[in-house]
Amino acid sequence: MRLHFSQPVDRDTLLQAVDWSPRVPGSWRAEDDEGRIWRFCPDLPAWPRGTRVQWTVKPPLTERPYSWSFTISPTMVLYLWPPAGQISEIYGQAPPQDQTLWDHQRLVASELGILDFDVHPDGRFLYFSEANRQGGSNLIRFDLATGERTVLLACGSALCDRPRVGMSDDGLYLAFEYMPLAGQWSVVVLNLATLRTHDISPPKHTAYNPIWSPHGVLAFYDETDQTYRFWHPKRGLWANVASDRGDDGTWLRDGSFLFTRYQPVPPGKAYRDDVLAVQMVRFDPRTGVEESWSDEPLWEDLAPQADPTGRFLAFIRRGLEPETWTPGRQIWLRDLIRSTQAAITQDETYTHTDLAWSPDGRYLAYVRSSTLSENERPELWLYDVQTRSHTFLHAGAHHVRWLP
Numbered sequence: 010m011r012l013h014f015s016q017p018v019d020r021d022t023l024l025q026a027v028d029w030s031p032r033v034p035g036s037w038r039a040e041d042d043e044g045r046i047w048r049f050c051p052d053l054p055a056w057p058r059g060t061r062v063q064w065t066v067k068p069p070l071t072e073r074p075y076s077w078s079f080t081i082s083p084t085m086v087l088y089l090w091p092p093a094g095q096i097s098e099i100y101g102q103a104p105p106q107d108q109t110l111w112d113h114q115r116l117v118a119s120e121l122g123i124l125d126f127d128v129h130p131d132g133r134f135l136y137f138s139e140a141n142r143q144g145g146s147n148l149i150r151f152d153l154a155t156g157e158r159t160v161l162l163a164c165g166s167a168l169c170d171r172p173r174v175g176m177s178d179d180g181l182y183l184a185f186e187y188m189p190l191a192g193q194w195s196v197v198v199l200n201l202a203t204l205r206t207h208d209i210s211p212p213k214h215t216a217y218n219p220i221w222s223p224h225g226v227l228a229f230y231d232e233t234d235q236t237y238r239f240w241h242p243k244r245g246l247w248a249n250v251a252s253d254r255g256d257d258g259t260w261l262r263d264g265s266f267l268f269t270r271y272q273p274v275p276p277g278k279a280y281r282d283d284v285l286a287v288q289m290v291r292f293d294p295r296t297g298v299e300e301s302w303s304d305e306p307l308w309e310d311l312a313p314q315a316d317p318t319g320r321f322l323a324f325i326r327r328g329l330e331p332e333t334w335t336p337g338r339q340i341w342l343r344d345l346i347r348s349t350q351a352a353i354t355q356d357e358t359y360t361h362t363d364l365a366w367s368p369d370g371r372y373l374a375y376v377r378s379s380t381l382s383e384n385e386r387p388e389l390w391l392y393d394v395q396t397r398s399h400t401f402l403h404a405g406a407h408h409v410r411w412l413p
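Just add 9 to the spot in the sequence shown (first one is 1) and you have our numbering.
Keep in mind the hints are simulated off the structure, nothing from the lab. Heads up, a few of these hints could be off.
Claimed, not checked - Capping the alpha-carbon separation at 20 Å, the derived lysine to aspartate or glutamate pairs in EDC-like fashion look like this: (1) Lys-67 to Asp-19; (2) Lys-213 to Asp-170; (3) Lys-243 to Asp-293; (4) Lys-278 to Glu-305; (5) Lys-67 to Asp-21; (6) Lys-243 to Asp-208; (7) Lys-213 to Asp-234; (8) Lys-67 to Asp-28; (9) Lys-278 to Glu-330; (10) Lys-278 to Glu-332.
As the list claims (entries may be wrong) - Computed Cβ-Cβ distance ranges for the label pairs, DEER-style: (11) Tyr-280 to Thr-60: 45 to 55 Å; (12) Gln-143 to Asp-304: 46 to 56 Å; (13) Glu-232 to Gln-143: 22 to 32 Å; (14) Glu-383 to Gly-264: 37 to 47 Å.
All values reported here derive from a predicted model rather than from experimental measurement. Here a beta-carbon is modelled for each residue, glycine too, at the ideal position from N, C-alpha and C.
Please work from the sequences and hints to get the whole structure.
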């Protein structure tokens, strides 16, 4: 909160005359030499999202008490819209119980289009890749509180894509995919304090898909060696695990990494002889131990996503036996505490992608697409774990994230 006064105000008078409710601790700071502009910064965590906050300024700073209020924006699901192939911008929408406050609001406009984005851990900043006029894309930081844009890295004709922000014990980093003109993809890390970059993938290797753990470890896929590699700001590259698939993966709360790997199917079991199963594999980079997390190799398990509370694992599954195969892939939910699992979608003609958990683990956002009609736009839906209900949000959304 920033207050502007017509005359200088000292700190003691300010503290006596300004009040807010609900009270949260914080600090006041003068933003000019005269004391005409004062700023209040609440300690984190501050007010919960959706909270209505009332402020009052009393005499002697005003002739009579003056009050105003505002509402902290609710937790929101964020996404790019309109669909891929058009100039996409960042939009947000609240879960169903909060839709009286937010409904498909544009948060970040773009002249040439946003390719991908990520959210700062505290929800204030968005980091995104935006197309530029040189044929490449730049990395931008957007302040949701002030609307200020900051170009973190101007990439010219190179593509700087898939930004992923991560917090380590020595600071904040932005990992991203980098591809120069007529070059190959590599994974680069930008130190957000110094704005220095470091290419962490091996030289002349094609690498992509950076994924941060809550503990500050970065996983990425080395396509040249067909391995997932693990990097830490202080330790550098320190572990790897073989995989012939590199387009998905998720971190579990215990610090292990879950990814997918092709597996052969027993002869005569699949609906087609040349098909391969896809199985989930858990790997602990600290010990090098790996274990299968899928059933017998008669399934195609893709895109695992662990919820932030550690209770559930969502993934996309399709059966490979003649009696279980469907054109669409369905969402399955595994209860990691009870060791049970079940499908939460049953739309055989739709395939499901873009799984994204809400910060509290209550909602799973996903995009469903028709396997029968190319003219039907993909749809953004929410699954409520508590009520086991599905709610349609918007058509044409993609690249789904959450604002904490």
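Check the structure against each numbered hint from earlier and tell me which ones fail, lowest number first. none
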